[in-house]
Amino acid sequence: SQQGEEDPQALSIQEGENATMNCSYKTSINNLQWYRQNSGRGLVHLILIRSNEREKHSGRLRVTLDTSKKSSSLLITASRAADTASYFCATFSGGYNKLIFGAGTRLAVHP
Amino acid sequence: NAGVTQTPKFQVLKTGQSMTLQCAQDMNHEYMSWYRQDPGMGLRLIHYSVGAGITDQGEVPNGYNVSRSTTEDFPLRLLSAAPSQTSVYFCASRQSQGIVDTQYFGPGTRLTVL
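Note that the protein sequences, when read in sequence, are chains A and B.
So for the first sequence, our numbering puts the first residue at 1; every next one is plus one.
So for the second sequence, our numbering puts the first residue at 1; every next one is plus one.
Since the hints were made in silico from the structure, they are not lab data.
Values in this document were obtained by computation on a predicted structure and should not be read as measured data.
Beta carbons are placed, not taken as given, at the ideal position from N, Cα and C, and that holds for glycine.
Do not take every clue at face value.
Straight-line Cα separation of at most 35 Å, DSBU-like style, residue types lysine-lysine; simulated pairs [claimed, not checked]:
id: 1; chain 1: A; residue 1: K69; chain 2: A; residue 2: K98
id: 2; chain 1: A; residue 1: K98; chain 2: A; residue 2: K26
id: 3; chain 1: A; residue 1: K26; chain 2: A; residue 2: K69
id: 4; chain 1: A; residue 1: K26; chain 2: A; residue 2: K56
id: 5; chain 1: B; residue 1: K9; chain 2: A; residue 2: K98
id: 6; chain 1: A; residue 1: K98; chain 2: B; residue 2: K14
Every beta carbon over 10 Å from chain B, so not counted as near; a handful from chain A, in silico [as the list claims (entries may be wrong)]:
id: 7; residue: P8
id: 8; residue: S12
id: 9; residue: E15
id: 10; residue: N18
id: 11; residue: A19
id: 12; residue: T20
id: 13; residue: S24
id: 14; residue: K26
id: 15; residue: T27
id: 16; residue: G59
id: 17; residue: K69
id: 18; residue: A81
id: 19; residue: N97
id: 20; residue: V109
id: 21; residue: H110
id: 22; residue: P111
All chains should be built: construct the whole structure from the sequences, respecting the hints.
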């Protein structure tokens, strides 16, 4: 079974709105990573948050981590049509070498 | 830097055929991995390697073999292709240094097994 599970599976919003995606995981983690995948392409690393961090920002991205609830959220502010993509969270499982991905959230941003 | 490269981009096989998917990276990363992605799903880890000569199984290793003779190359072999192996295959290499921990993905190989 997958370590991370994203919610919602799909999200449709208008340009300028904020998009929030959630990720839950099962075991203790060292860090949690978010990736983006444009249709038909490989994944691109967005941001990493360590287990001792609660919040991290990068441009229009804001990631939070709640280790007590084993959950993380990714917020994209002021979304653009170019943000349309699938977003995945990933954590290490069974040691520090197996990076396991969730099923992803498909985000559609309409002009 | 070319980053992570994969060949071929597309491949059609018949059931029972074997083939090798190539992956190379020029970033001198020790850690490399192979994932498969089925439609509408996330990535599932097939095999990974933490350095030349060292490989280990991921979540879905059956039907696949890997070897790592050099830091740069990490080929994935399908021993006897089955329709269930129809998928998009991604290779990744990992930079893990200090506070940086990032996976770099190749563009993928789209495989169809008839």
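The hints, checked one at a time:
{"no.": "1", "hint": "A/K69 to A/K98", "result": "holds, 22 Å"}
{"no.": "2", "hint": "A/K98 to A/K26", "result": "holds, 14 Å"}
{"no.": "3", "hint": "A/K26 to A/K69", "result": "holds, 10 Å"}
{"no.": "4", "hint": "A/K26 to A/K56", "result": "holds, 21 Å"}
{"no.": "5", "hint": "B/K9 to A/K98", "result": "holds, 25 Å"}
{"no.": "6", "hint": "A/K98 to B/K14", "result": "holds, 31 Å"}
{"no.": "7", "hint": "P8", "result": "holds, 14 Å"}
{"no.": "8", "hint": "S12", "result": "holds, 16 Å"}
{"no.": "9", "hint": "E15", "result": "holds, 25 Å"}
{"no.": "10", "hint": "N18", "result": "holds, 23 Å"}
{"no.": "11", "hint": "A19", "result": "holds, 18 Å"}
{"no.": "12", "hint": "T20", "result": "holds, 19 Å"}
{"no.": "13", "hint": "S24", "result": "holds, 13 Å"}
{"no.": "14", "hint": "K26", "result": "holds, 13 Å"}
{"no.": "15", "hint": "T27", "result": "holds, 14 Å"}
{"no.": "16", "hint": "G59", "result": "holds, 16 Å"}
{"no.": "17", "hint": "K69", "result": "holds, 21 Å"}
{"no.": "18", "hint": "A81", "result": "holds, 22 Å"}
{"no.": "19", "hint": "N97", "result": "violated, 6 Å"}
{"no.": "20", "hint": "V109", "result": "holds, 19 Å"}
{"no.": "21", "hint": "H110", "result": "holds, 20 Å"}
{"no.": "22", "hint": "P111", "result": "holds, 24 Å"}
Consistency note: the structure conflicts with earlier hint 19 alone.
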